[in-house]
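Enquirer: Use these hints to put chain B onto chain A, whose structure you have.
In order, the protein sequence lines correspond to chains A and B. Taking numbering that gives the first Met the number 0, the leading residue of the first sequence gets 0, the next gets one more, and so forth. Taking numbering that gives the first Met the number 0, the leading residue of the second sequence gets 0, the next gets one more, and so forth.
Be careful, since some hints might not be right.
What the hints assert, rightly or not - Among chain A residues calculated to face chain B with C-beta under 8 Å, some are:
#, residue
1, 16
2, 123
3, 197
Said to hold, decoys possible - Here are the in silico distance ranges between beta carbons for each label pair:
#, chain 1, residue 1, chain 2, residue 2, range
4, A, 207, B, 44, 43 to 49 Å
5, B, 21, A, 210, 53 to 59 Å
6, B, 83, A, 7, 28 to 34 Å
7, B, 62, A, 67, 48 to 54 Å
8, B, 39, A, 143, 18 to 24 Å
9, B, 21, A, 39, 49 to 55 Å
10, A, 171, B, 93, 52 to 58 Å
11, B, 113, A, 18, 33 to 39 Å
12, A, 4, B, 24, 44 to 50 Å
13, A, 99, B, 44, 28 to 34 Å
14, A, 177, B, 44, 49 to 55 Å
15, B, 91, A, 143, 31 to 37 Å
16, A, 143, B, 62, 14 to 20 Å
17, A, 8, B, 91, 31 to 37 Å
For the record, the hints were derived by calculation from the structure and aren't laboratory data. Cβ coordinates follow ideal geometry from the N, Cα and C atoms, glycine included.
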Amino acid sequence: MNRVPLEGKVLNENARLAQELRERFRQHQVLVVNLVSSPGSGKTTLLEKTLESLPPTERVAVLTGDLQTENDANRLKRYGFPVKQITTGTTCHLDARMIEKHIADWDLAKLDLLIIENVGNLVCPSSYDLGEAAKIVLLSVTEGEDKPLKYPSIFFKSELMVLTKTDLLPYVPFDVPMAVTNARRVHPEMEVVKVSCLTGNGLQEWLKWLEQRRQAFLAEIKPVAV
Amino acid sequence: MHEMGIANSILDGVASEVRRRPGSRPVKVGVRIGELAGIDPDALRFAFDALTLETELQGLELDIEYREPRSRCRDCSQEFVVRNFELQCPGCGGSNARVISGDELEFAYLEVEDDEPCAAGRKSPE
Chain A
0 MNRVPLEGKV
10 LNENARLAQE
20 LRERFRQHQV
30 LVVNLVSSPG
40 SGKTTLLEKT
50 LESLPPTERV
60 AVLTGDLQTE
70 NDANRLKRYG
80 FPVKQITTGT
90 TCHLDARMIE
100 KHIADWDLAK
110 LDLLIIENVG
120 NLVCPSSYDL
130 GEAAKIVLLS
140 VTEGEDKPLK
150 YPSIFFKSEL
160 MVLTKTDLLP
170 YVPFDVPMAV
180 TNARRVHPEM
190 EVVKVSCLTG
200 NGLQEWLKWL
210 EQRRQAFLAE
220 IKPVAV
Chain B
0 MHEMGIANSI
10 LDGVASEVRR
20 RPGSRPVKVG
30 VRIGELAGID
40 PDALRFAFDA
50 LTLETELQGL
60 ELDIEYREPR
70 SRCRDCSQEF
80 VVRNFELQCP
90 GCGGSNARVI
100 SGDELEFAYL
110 EVEDDEPCAA
120 GRKSPE
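Looking at chain A on its own, in the form it has when it is part of the complex (with noise of 0.2 Å):
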């Protein structure tokens, strides 16, 4: 019997795609920002609000994965700005070669954002690199404030964190400072901006993250970028 050190990622092959999109993405300076949620937390809604109230001349696409079918797109399509619909099949989660066959024929120089949606699923997109600059995670506050201590790798993982749907508040049990907490033991650095897509409280917010992630971002690639 004879031992040998095996060296590298499992996800070797995602990793080493993810990398070279990530490198596109920095040469083209588009910020990728990649929202993961349960299903039914309210991303496709956030967008749909974010394409909403952007000025047409913004250079934003949307890439929105689901495993069946362009329901999302086309939801998302009436705002006048580039998306496409990913649909994985049976797979629970985007991987970097869905995101390059996705992008092949959009020209990214002439873009300054791509959100990424994935599929709703808060356990199987945290394995998976797509390139992007930041995840974002979503919390409905009809789920539990406990999420982030149940399903803590993707809050370990994202930058910000969305809490939605703050309308209900009035209505449902959830604890917002113990939800900013829990998510806050998991990564203590996490952002966090609360959100209702129906009445727009903290839409503003949102954009102001976004563009100033934007501007961060073309800080860090400012080496890179002659």
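Expert: Okay, now just chain B, sitting in the frame of chain A:
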């Protein structure tokens, strides 16, 4: 349930290592998985066995080293294992600790047997 995909990637890794070692047969593959990687070890073992069943890799053993997340205190630099995300430092009692590891999903080792056994190694000590 993405453990099937992970198991498949582990087998890809095994296959490419075996290609580099003609005449050897893989017996056991070791991987390191952090608690924060979001992988269920039982589901991974199930998927691994299902994928190897009735293939030339049937019987290949999967050894999972499941790692607890570790933290380092930013005040006193002590490192400690994190349980239930209680980040209070056992050294100084402060709460300024940061998780520093725990999302590993990586290969550790491969055990192989040579198909053409070395005669000397096979001799029983009579």
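Enquirer: Each hint: holds or not?
Expert: Results of checking the hints against the structure:
Taking 8 Å as the C-beta contact cut-off toward chain B, the hint placing residue 16 of chain A at the interface is violated, the least distance being around 12 Å. Taking 8 Å as the C-beta contact cut-off toward chain B, the hint placing residue 123 of chain A at the interface holds, the least distance being around 4 Å. Checking residue 197 of chain A against chain B: minimum C-beta separation of about 31 Å lies over 8 Å; hint violated. Taken as a hint, the range 43 to 49 Å holds for the pair residue 207 of chain A and residue 44 of chain B, whose Cβ atoms sit roughly 46 Å apart.
Range check, residue 21 of chain B to residue 210 of chain A: Cβ separation about 56 Å, and the 53 to 59 Å hint holds. Taken as a hint, the range 28 to 34 Å holds for the pair residue 83 of chain B and residue 7 of chain A, whose Cβ atoms sit roughly 31 Å apart. At about 37 Å, the beta-carbon gap between residue 62 of chain B and residue 67 of chain A misses the expected band of 48 to 54 Å. Separation of residue 39 of chain B from residue 143 of chain A is about 20 Å and conforms to the stated range, judged on CB atoms against 18 to 24 Å.
Range check, residue 21 of chain B to residue 39 of chain A: Cβ separation about 52 Å, and the 49 to 55 Å hint holds. In this structure the supplied range 52 to 58 Å is violated for residue 171 of chain A paired with residue 93 of chain B, their Cβ-Cβ distance being about 35 Å. Distance hint for residue 113 of chain B and residue 18 of chain A: a CB-CB separation of about 36 Å, consistent with the stated range 33 to 39 Å. The supplied range of 44 to 50 Å is broken by residue 4 of chain A and residue 24 of chain B, whose beta-carbon atoms lie about 18 Å from each other.
Distance hint for residue 99 of chain A and residue 44 of chain B: a CB-CB separation of about 31 Å, consistent with the stated range 28 to 34 Å. Roughly 35 Å separates the CB atoms of residue 177 of chain A and residue 44 of chain B, a value that falls outside the hinted 49 to 55 Å. Between residue 91 of chain B and residue 143 of chain A the Cβ separation comes to about 32 Å, which falls inside the hinted range of 31 to 37 Å. Hint check: residue 143 of chain A to residue 62 of chain B, Cβ distance near 35 Å, so the stated range 14 to 20 Å is violated.
Roughly 34 Å separates the CB atoms of residue 8 of chain A and residue 91 of chain B, a value that falls within the hinted 31 to 37 Å.
In this structure, the earlier hints numbered 1, 3, 7, 10, 12, 14 and 16 are contradicted, and the remaining ones agree with it.
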